[in-house]
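All chains, full assembly: derive it from the sequences and hints.
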Amino acid sequence: MKKIFNTKIISALIAAIIILALAILAVENIDLKSRSNNKSSSNDSLGTSSDKSLPSGSGTDRESNAETGKAIAEKLRKQNPDFWKEPTGKYPDLSKVANLNILVDTDKQLTYIRDGEKNLTSFVVSTGIFDGESETPKGEFKIESECGESFFAAEFQEGANYWVSFKDHGIYLFHSVPTDHSGNYIPNEAVKLGEPASHGCVRMSVSDSKWIFENIPVGTPVKVI
Numbered sequence: 441m442k443k444i445f446n447t448k449i450i451s452a453l454i455a456a457i458i459i460l461a462l463a464i465l466a467v468e469n470i471d472l473k474s475r476s477n478n479k480s481s482s483n484d485s486l487g488t489s490s491d492k493s494l495p496s497g498s499g500t501d502r503e504s505n506a507e508t509g510k511a512i513a514e515k516l517r518k519q520n521p522d523f524w525k526e527p528t529g530k531y532p533d534l535s536k537v538a539n540l541n542i543l544v545d546t547d548k549q550l551t552y553i554r555d556g557e558k559n560l561t562s563f564v565v566s567t568g569i570f571d572g573e574s575e576t577p578k579g580e581f582k583i584e585s586e587c588g589e590s591f592f593a594a595e596f597q598e599g600a601n602y603w604v605s606f607k608d609h610g611i612y613l614f615h616s617v618p619t620d621h622s623g624n625y626i627p628n629e630a631v632k633l634g635e636p637a638s639h640g641c642v643r644m645s646v647s648d649s650k651w652i653f654e655n656i657p658v659g660t661p662v663k664v665i
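For what it's worth, this note's numbering labels the leading residue of the sequence shown as 441, then goes sequentially.
Keep in mind that the hints were calculated from the coordinates and are not lab data.
Note that the structure is a prediction, hence the values are computed from the model and not measured.
Incorrect hints may appear among the rest.
As the list claims (entries may be wrong) - Just the calculated beta-carbon pair ranges, DEER-fashion:
| id | residue 1 | residue 2 | range |
| --- | --- | --- | --- |
| 1 | Lys536 | Glu514 | 26 to 34 Å |
| 2 | Glu654 | Asn520 | 20 to 28 Å |
| 3 | Phe570 | Asp608 | 17 to 25 Å |
Heads up, the beta-carbon is just placed ideally off N, CA and C, and yes, glycines get one too.
Have a look at this one:
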């Protein structure tokens, strides 16, 4: 009789242990599901936040992504093979500019019209060839009084239109793409806009050089980097 009683007690204990174990497993399973759901919700929230933090139009803004003059020239050329005659940037209203200055970036082959440190627009240019002799001088200069509608340099058998001096009084200039001895634009030189190609001056499209000639006052700071 005692043996049977002991057997019943043992069976009851085993059953209780099994029930307790199943209960623990059930609780852990509920906790795991809860954690999984919370993690998924957290990831969704982070994903949404990350998407919202991406700048609008990322990868398309010309200035913020520092697109080069060469890349811009290639796009303009696809639209119009004679792009070098047309504007390569927008022309700002200078009457609203308090601190007008010009920045020439020889790496990007872009010239920026600025108000203080703010870029108002940029033009595709060709600066001097990086050969140690024809490089555009780097430093801080100013627009000088020397300027003209055209010139011809017999030394290089090239000329240009709408020139404005920024260093050495007629030596280093902003001017149009090159012209020949008859005053005709030289197409195979003009299409080089966006890459180093000059003898040290800053070549611009016909339209951009004319705008500089007609609108930028003497004394305007010029920085070449």
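Report the numbers of all earlier hints that the structure fails to satisfy, in ascending order. Every hint satisfied by this model.
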